[in-house]
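Place chain B on chain A using the hints.
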Amino acid sequence: MWAIETRNLRKVYRPLFGGNPITAVDNLNLQVPAGTVFGFLGPNGAGKTTTIQILIGNVYPTAGEAFVLGHRAGALAAKRKLGFLPEKFQFHDFLTAEEFLRMHGRLAKMDRTTLQRRIDEVLELVGLAERRKSKIREFSKGMQQRVGLAQAILHDPDLVILDEPTSALDPLGRRRVREVVQYLKERGKTVFLNSHLLSEVERSCDQVAIINKGRVIVQGTLDELLVNRSVVRVELRRVEPCVLEAAAKVAQKVHPVDERRFTAEVASEDDIPELARAILDAGGALIGLQAHRETLEDLFIQTVEAEGK
Amino acid sequence: MGVIIALTLKEAMRRRAFLGTLIILVTLYGLSFLPRAFKEAFGGDERQFELGVNIAVLFGIDAIKFFSAVLAILLSAGAITAEIERGYLAAILPRPLYRWELYLGKWLGVMLFSAANATLWTAMLWASVALQGEPRVEMWRALPYVLLYPILYGTLALALSSFLGASIASMFTVALGAFAYFSDHFLRPIAAFFDVRLLQQMIWLSEWALPMATLKRLVQIQVDAILPPGFGERPRFGRPDVLEFLNPPVQPLDLAYVALYILAAAAVGLVIFWRRDVQ
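Heads up: the sequence lines are chains A and B, in that order.
When we follow our numbering, the leftmost residue of the first sequence carries the number 1, and every step to the right adds one.
When we follow our numbering, the leftmost residue of the second sequence carries the number 1, and every step to the right adds one.
Derived from the structure by calculation, the hints contain no laboratory data.
Being a predicted model, the structure only gives us computed values, none of them experimental.
Between beta-carbon pairs, the in silico distance windows are:
#	chain 1	residue 1	chain 2	residue 2	range
1	A	Pro-21	B	Leu-58	52 to 58 Å
2	B	Glu-50	A	Leu-16	56 to 62 Å
3	B	Ala-127	A	Phe-94	30 to 36 Å
4	B	Asp-224	A	Pro-21	54 to 60 Å
Even glycine gets a Cβ: it sits at the ideal position worked out from N, Cα and C.
Bound conformation, chain A alone (with noise of 0.2 Å):
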């Protein structure tokens, strides 16, 4: 089952005074398994925000579909399933956290006796259990961010859909938010990431898409995405043709980066000893050799270039 699924998602922005319309996202394409942490990437203006916005029902769709734990996005029964964390997270501030979780407990239509219970377990969750009385004013923006999270889960949904979760937060905030991404996880709940750490989201996510320009580009498990492109950086006295000629017969591609050092994208780490064989063989005089896993940070960079040409 999809938590998320969209159809042909098309978002175009007319401007009231004329001028040009602008395309946010175009024929947009996506299906996030059930019980999955998915990573939803791309460059700014990329169109993340407009598509979080149509699956919670901000935003109308110019055409196309999206659905929401099977029911239309932006429907009453979509929303009663679903938390979300806004990027630019504005807070009631003169409301204390405790206030302010109530409020949106209510809003969620908690009972009373759920509602206080979920409150005591998400602000011990997010580590604010003892700032329970403190006006979010008070709060650091890291904090303000974590209680902002809390409401996020507060109703125990099945569908979280964070948006630049770990922003405004340090090296612990954002180890909190890995822990509660994890929970989540844990207890068969989705979870729909959107953030510009890519380290951040390659450590919590089963899979990911990137989008550019409105559409997907590359969806898969980061196993899937990742496991084929090692990369190897090799550092000789010279780099002379036949050595090149010789590392582009093991390697699938091969780069000259300067005359002392080329790097060759190896089909997977076991082709890594066959390649410096084959430098050896000849008669290449090898300084160094580091394997370098393609991160997704590099996959990322490769395919919002690829696309851009």
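Chain B in isolation, oriented as in the chain A frame:
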């Protein structure tokens, strides 16, 4: 919806709206000194004391109309678009509630606050006059009509706030009010003596743009019950048809028209808010 009403009331308190309440209360209390001041100024004449009471009542009711409308505009104009821009609604709208619930909750919150203020101010005015030994119980009968002022202006400002920022929504509401006031108080007397088609059309248009003159007439009937004959804004001299033009009588459907206008403004605002993107 109760949560949204409570939140709107809390927001009003946060914006120190109660300070406005207190200032008007003190001003209305200050009116209680007016009759004695009149009496003393005219050598202890009891008729001047009576005149002072009447002026206090007239100005007091006008002040309540004006300030309750201003308060409603200030609270309503920033209720939708300004809250979207500030990012408050981004986390509330994904909750399982319809947009009409949020809109109605905001409207009820503003109206409750304005009504509470107008009632409190009327109580203060009544007490101020009663303290002078002149209890005017009839004043309470005017209150439901006076409440129509904040309802009318608040509804209009809220409708405009569904697509305009706080300052522009306030400005448009005040501009419409000013147009209606200007037409009724300045254009109408001119049109009574000069048969200029454009003037007639502007007066007619102002009534459609904002039924303030209709509302004024409805309140005037109640004020007439409190004040002695001939006191107030009504002109007393002139040809009957001119007098009628200057101060048209209340029509049976006037109240229905005001109610319809309020409903229409609320409906337009709601449809716009319902259909707009919130980002």
